[in-house]
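Taken in order, these protein sequences are the chains called V and P. Note that the working numbering gives residue 24 to position 24 of the first sequence, counting from 1, and the numbers run on in steps of one. Note that the working numbering gives residue 130 to position 130 of the second sequence, counting from 1, and the numbers run on in steps of one.
Since the hints were derived computationally from the structure, they do not count as laboratory data. Don't take every hint at face value.
As the list claims (entries may be wrong) - Straight line, CA to CA, 27 Å or less: simulated DSSO-like cross-link-like pairs of lysine-lysine: (1) 95(V) / 156(V); (2) 38(V) / 38(P); (3) 38(V) / 2(P); (4) 59(P) / 38(V); (5) 156(P) / 134(P); (6) 160(V) / 139(V); (7) 59(V) / 38(V); (8) 38(V) / 95(V); (9) 95(P) / 156(P); (10) 139(P) / 46(P); (11) 160(P) / 50(P); (12) 59(V) / 46(V); (13) 50(P) / 139(P); (14) 38(P) / 59(V); (15) 160(P) / 139(P); (16) 95(P) / 38(V); (17) 38(P) / 156(P); (18) 2(V) / 2(P); (19) 2(V) / 38(P); (20) 95(V) / 38(P); (21) 160(P) / 134(P); (22) 59(P) / 38(P); (23) 50(P) / 137(P); (24) 134(P) / 50(P).
Number of protein chains: 2
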Amino acid sequence: MKYCSNCGTLVDIRIPEGDTLPRHVCPTCNRIHYHNPKMVVGCIPKWEDKVLLCRRAIKPRCGLWTLPAGFMENSETLEQAASRETMEEANARVKIGNLYTIYNLPAINQVYFLFLAELLDLNFQPGIESLEVKLFKEKEVPWDEIAFRVIGIPLKRYFKECHTGEPSFYIDTLDNIDR
Amino acid sequence: MKYCSNCGTLVDIRIPEGDTLPRHVCPTCNRIHYHNPKMVVGCIPKWEDKVLLCRRAIKPRCGLWTLPAGFMENSETLEQAASRETMEEANARVKIGNLYTIYNLPAINQVYFLFLAELLDLNFQPGIESLEVKLFKEKEVPWDEIAFRVIGIPLKRYFKECHTGEPSFYIDTLDNIDR
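Using the sequences plus the hints, can you model the full thing?
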C-alpha cells in the first residue's frame, strides 16, 4: 500500500497511538489501514473410496494437482465458500460435511480450511482454473505432483484415517510453505 | 475504497475478466483490489469453575462484558492471536487448548474463533481496552450484560458442556449479529 484508499494521499507507516504494530496511516484523513490474514477454503470431495482432484490451469504450480479451494469472499460462510470453490474449479456439486482441518500458514498470512464433502453426482468437468478434474483412489493419487504441502499433507492423513473410521478434525501450522 | 492504494488513481467498480463478482479495479495500473472476510480470535480463559471476562472500555458496547478476542494479525497463528489478545485485554497468561467454536458472521464479513484456555495465574488486570477483568462462575456471569451474541451463545453452551465433560468443537452461523 502506497496511497490512502480513502483520500488518495501518500500514506505513512507508523504505530498509531494505543497500538503496538506499525500500520499504514493517512496523514491527511487519519484513516488507519489494517492488513489481516486471509482465509482459503476448500473441501475433500469424496465418491466411494475416491477423491476428486483438480489439475491447475493457473499459476502458481500450473499443471500440478490440488483439492478445490480458494479465497473466502465477503458475505459468505466457510461452508458456502467451500461449496462455491468446488463448483468454480470442478463444476462439481457437493454436500459439505464436517470441518476436517485448519492449517495456519503465518509465513504467507493465510489460514487454510478443508471440509469433508460428499460428491452428489459424477457430472463434474474442469472449470476455468482447471486443466482436468478426476477421481483418484488413494493408490492412484499422483503424490509427487500435488501442488501444495497444505493440500498433500491433510489428503494423505485423510486417506489413512478413512481406513479406521471417520476422519476427525485437527488444527496445525506449516511454517515452511514450500513444496 | 475510492482510490487505488498502489498508484492513487480513482478506482472503478467492475467484474474483471474471468471473475464473477464486482471488484475495485484501477484503470491506470490495472491492480484488482480484493476485500475478504476477517478473522476474530479469542479464548475462554478458565480457572477452576470460573471464566475470565473483560468489561469493554471501547466502542461498540462500551461497559458490557466479553471474552478476550480481537482481529488476527498478519504473521501469526490462530493460537498466537488468541493468546496475544488475552494478554492485551486482560494482561492474562493462558495456555491455549483445543479450538472450541467457529461462528460465521456473513453479515459483517467476519469469522469468530474461540479456543479453550487455562489461565496460568491470577495476576490479571485490565488492559487499555478493558475497564475491569474478573472471574465468574456460571451463575455469577452478568448474562444480560454480555456485549455480543457471538460471545454469549458459545459461553452459555460452554458452561453447559462443562457439566457433562469436555466442551467439544462445533461450527455455526449467526445471520443476525444484534444483541
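Discussion item. Flag every earlier hint the structure violates by its number, smallest first.
Written reply: none
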